[in-house]
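Model the full assembly from the supplied sequences, consistent with the hints where possible.
End of the sequence shown = 210 in the working numbering, gap-free, step of one.
Incorrect hints may appear among the rest.
Unchecked claim - As a list, the in silico BS3-like pairs of lysine-lysine whose alpha-carbon atoms are at most 27 Å apart: (1) Lys186 with Lys151; (2) Lys178 with Lys151; (3) Lys183 with Lys151.
It is worth saying that the hints were derived from the structure and are not from the lab.
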Amino acid sequence: MGNHQACHLEEDLSLNDYRYLMKQTNLTPDVIQGWYREFLNVCPNGQLNKNQFIKLYKELENTSIKNIESIAEHVFQAFDRN
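Spelled out as structure tokens, the structure:
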């Protein structure tokens with residue numbers, strides 16, 4: 129994510145990434161995988177700052193979760209590689 133040099137992105141997240149995200153967000157693996165794939169579609173080079181991510185996250189979630197920014201923060205931290 130971030131604004132540093134692009135890196136190779138995996139087709140799927142690691143098991144540790146899934147575990148972290150499920151623990152921090154209570155989201156299912158299917159939801160997490162869907163968001164990650166959408167991220168790859170929108171940002172194939174992996175460059176996305178936190179504000180852009182929160183905006184994308186809100187669009188993907190399209191819900192009234194009260195702590196959506198907190199969840200987005202955890203998701204961003206898990207995906208951010210630099």
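If any of the earlier hints don't hold here, list their numbers in rising order. Those not satisfied: there are none.
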